Amino acid sequence: MNQTPVVQFQHAMKRIGKRTIVNDLSFDIQAGEVFGFLGPNGAGKTTTIRMMVGLIKISQGDILIKGHSISKDFNKAIRNVGAIVENPDLYKYLTGYQNLKHYARMVPGVTKARIEEIVGIVGLRDRIHDKVKTYSLGMRQRLGIAQALLHRPSLLILDEPTNGLDPAGIHELRNYLKRLAHEESVAVFVSSHLLSEMELMCDRVGVLQNGKLVRIQSIQDFVHDGGSSLVCVTVESSQVEQAKRLIATLKKEILPIRQPGQLLIPLNKDEIPTVNKLLMQAGIQIYSIQVQEQTLEDKFLELTEERK
Amino acid sequence: MIGLVANESMKIYSRKLTWILLLLLFAITIGSSILGTINNTNATDWRAETTQLVHQYEDRLKITELSPTLRTDAENKLKIAKYRLENDFPAPSNNPWSALLTFSGLIEMVIVFAIVIAADIVAGEYTAGTMKLLLIRPHNRAKILFSKYIAVSLFAIVMLALLAVCGYATNALFYGLGDIHTTDLFLNQQGQVVQLNVLMQGIKMYGLSLFPIMSYVTLAFAISTVLRNSALAIGISLFIMIVGNSMIEATAKMEWLKYLPFANSDMSLYIFHLPARPEMTLNFSITVLLVYIVALILLSWNVFKKRDVSI
Ligand SMILES: Nc1ncnc2c1ncn2[C@@H]1O[C@H](COP(=O)(O)OP(=O)(O)O)[C@@H](O)[C@H]1O
Ligand SMILES: [Mg+2]
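Chains as they are written, first to last, in our numbering: chain X, 411 to 718; chain R, 2 to 312.
Keep in mind that a hint or two might mislead.
[Said to hold, decoys possible] No farther apart than 25 Å at their CA atoms in a straight line, the calculated lysine-lysine pairs in the BS3-like style are these: (1) X:LYS476 to R:LYS306; (2) X:LYS428 to R:LYS306; (3) X:LYS482 to R:LYS144; (4) R:LYS205 to X:LYS511; (5) X:LYS486 to R:LYS306; (6) R:LYS144 to X:LYS476; (7) R:LYS307 to X:LYS428; (8) X:LYS511 to R:LYS17; (9) R:LYS17 to X:LYS486; (10) X:LYS502 to R:LYS78; (11) X:LYS662 to X:LYS679; (12) R:LYS307 to X:LYS482; (13) X:LYS482 to R:LYS306; (14) R:LYS306 to X:LYS467; (15) X:LYS522 to R:LYS144; (16) X:LYS486 to X:LYS522; (17) R:LYS17 to X:LYS543; (18) X:LYS467 to R:LYS307.
[Unchecked claim] Pairwise CB distance ranges, derived in the manner of DEER restraints: (19) X:ASP434 to R:ILE151: 54 to 64 Å; (20) X:LYS482 to R:MET2: 56 to 66 Å; (21) R:VAL244 to X:GLY533: 53 to 63 Å; (22) X:LEU665 to R:LYS17: 52 to 62 Å; (23) X:HIS592 to R:GLY236: 51 to 61 Å.
[To be verified] Here are some chain X residues the structure puts well away from chain R; computed CB gaps all over 10 Å: (24) GLY464; (25) ALA493; (26) ARG535.
These aren't lab readings, by the way, just hints derived from the structure by calculation. Quick caveat, the model's predicted, so the values are computed rather than measured. By construction, the Cβ of each residue, glycine as well, lies at the ideal position given by its N, Cα and C atoms.
Bound-form chain X, shown alone (with noise of 0.2 Å):
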């Protein structure tokens, strides 16, 4: 199965002014994968789904879905794709079926089965009829989803849906985004600032900060290696400045201390013995050195605070 990818983002760029909110993203999204986009609030997420969807213009470079270009071939390019764009915004005067009826008629194909059968998939008949204003976010968040599939797109690109779920109701879009996924080959692409959401739900993330992507990886190699881990150096408290100054030759950053004589350094593990050869030579005392395992949520946060 190794057709063309559903997504091929090409040097795309965003910019406002003369600020640039979202810097040459290349990459691919395959059919069948739910590729995570996480970066915290600020980060350029919500900016990039609207190139993809033709909202914003793409200042410079291309994003392709499925070989047609969005800003070129719209029509091709967007019949392929179902979106909720920020916040699940719906008419709220209208009922929940009035909103599905009125996105159906806007796609040749949707029968009215299709529509009785999104309401059941997303769990809304009971309330189908009911105004959206009477909906609460989940609810909404449930009938924005089911707009999003009416057509049966090839990528369904979905920007914070976790907001206003409920852990059951995160449960349950989790399985289902997967299952759309890997038995009815649709790309999901879902941003979210919360990597716990996303190690669960998703194959492969990419980690966008200040509007860079700075690491693209599947979901294991993100959790398992990959990068470095944090290695805690404990050492005589009056030779902690010589000690720094040591470890600085290997142009390796260091952490802000939290005990005295505490140095932490992210490195790499092989390097572990380089850093501990060089401390001896010089006559320090090490008391000891430690890998801290990282949580996932310590690596997001090392990835993107760290670098403003």
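We have chain X; now place chain R with the ligands onto it with these hints.
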């Protein structure tokens, strides 16, 4: 495209505001029709009454500071009254068709209500955030925009039809159904007295009023699209409408004003032979209005197709 217009219409008619406006339209039309019938008594001796009218108009024409429009109006009425007496042609007895011609002022109400809906149809989607989901469908933006324009135009036409039907029905309760062959005297474009079918004149007047209605609908729609703010779109459109109505007099004095939409947007002026300037004709007014309509549509479309949608 039909699906898109159906969608926009569904959205218009699902809103409470729309139904409040329609109810108001009903109430005001029926109310003013009833008031109209109360003021209208059937003539017992038409010759005596017409003679009296002739004196009344002649007196009015003696007032030197009479505004040009009122003067023309009095002259016209005098001409017709004299013609009646000379040719033994009484005014038709009370009938719903003639009554419909007299409350043409209610068309202004249709304009105001149409402005309210047109002002919200684009801006409202930005405010509610629904524009995003609307635009990510396989339709280009021109189609989305024009489906909205068509839906709001249809709504204005529905209101105009309701006004006519409702006004006719109320008057028919008082005067009977009326004879569709009823004729009356009017002045043609050359100022000659002619005998015309009242129903046809009514159709002409209500039909022609579509041009001014569409001008204001297009204006509100364009402001709504460009500024994305419905309150501002209503405010500016109504302001222009009010200022515009008071410009008809000024147009008599300043020629260039005739190229602005204002003096061109009251079609009843032509039915009753009261053009703002003598050289202005019905075709001239229609042309001016169409030019403004096309310009405003082009403006809306240009802004809409290029805009980055980030709300
Ligand atoms: N229309 C705009 N004009 C100027 N700046 C914008 C605009 N839209 C977004 N931004 C800025 O771009 C950055 C990224 O925003 P966004 O894509 O919404 O981030 P995220 O969805 O990752 O939280 C933010 O700093 C935001 O202030
Ligand atoms: Mg966002």
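We went through each hint and held it up to the structure:
no.: 1; hint: X:LYS476 to R:LYS306; result: 24 Å, holds
no.: 2; hint: X:LYS428 to R:LYS306; result: 23 Å, holds
no.: 3; hint: X:LYS482 to R:LYS144; result: 17 Å, holds
no.: 4; hint: R:LYS205 to X:LYS511; result: 39 Å, violated
no.: 5; hint: X:LYS486 to R:LYS306; result: 18 Å, holds
no.: 6; hint: R:LYS144 to X:LYS476; result: 24 Å, holds
no.: 7; hint: R:LYS307 to X:LYS428; result: 19 Å, holds
no.: 8; hint: X:LYS511 to R:LYS17; result: 20 Å, holds
no.: 9; hint: R:LYS17 to X:LYS486; result: 37 Å, violated
no.: 10; hint: X:LYS502 to R:LYS78; result: 54 Å, violated
no.: 11; hint: X:LYS662 to X:LYS679; result: 13 Å, holds
no.: 12; hint: R:LYS307 to X:LYS482; result: 14 Å, holds
no.: 13; hint: X:LYS482 to R:LYS306; result: 14 Å, holds
no.: 14; hint: R:LYS306 to X:LYS467; result: 11 Å, holds
no.: 15; hint: X:LYS522 to R:LYS144; result: 24 Å, holds
no.: 16; hint: X:LYS486 to X:LYS522; result: 24 Å, holds
no.: 17; hint: R:LYS17 to X:LYS543; result: 14 Å, holds
no.: 18; hint: X:LYS467 to R:LYS307; result: 9 Å, holds
no.: 19; hint: X:ASP434 to R:ILE151: 54 to 64 Å; result: 42 Å, violated
no.: 20; hint: X:LYS482 to R:MET2: 56 to 66 Å; result: 23 Å, violated
no.: 21; hint: R:VAL244 to X:GLY533: 53 to 63 Å; result: 55 Å, holds
no.: 22; hint: X:LEU665 to R:LYS17: 52 to 62 Å; result: 59 Å, holds
no.: 23; hint: X:HIS592 to R:GLY236: 51 to 61 Å; result: 54 Å, holds
no.: 24; hint: GLY464; result: 7 Å, violated
no.: 25; hint: ALA493; result: 6 Å, violated
no.: 26; hint: ARG535; result: 21 Å, holds
Against the hints set out earlier in the document, violations occur for numbers 4, 9, 10, 19, 20, 24 and 25.
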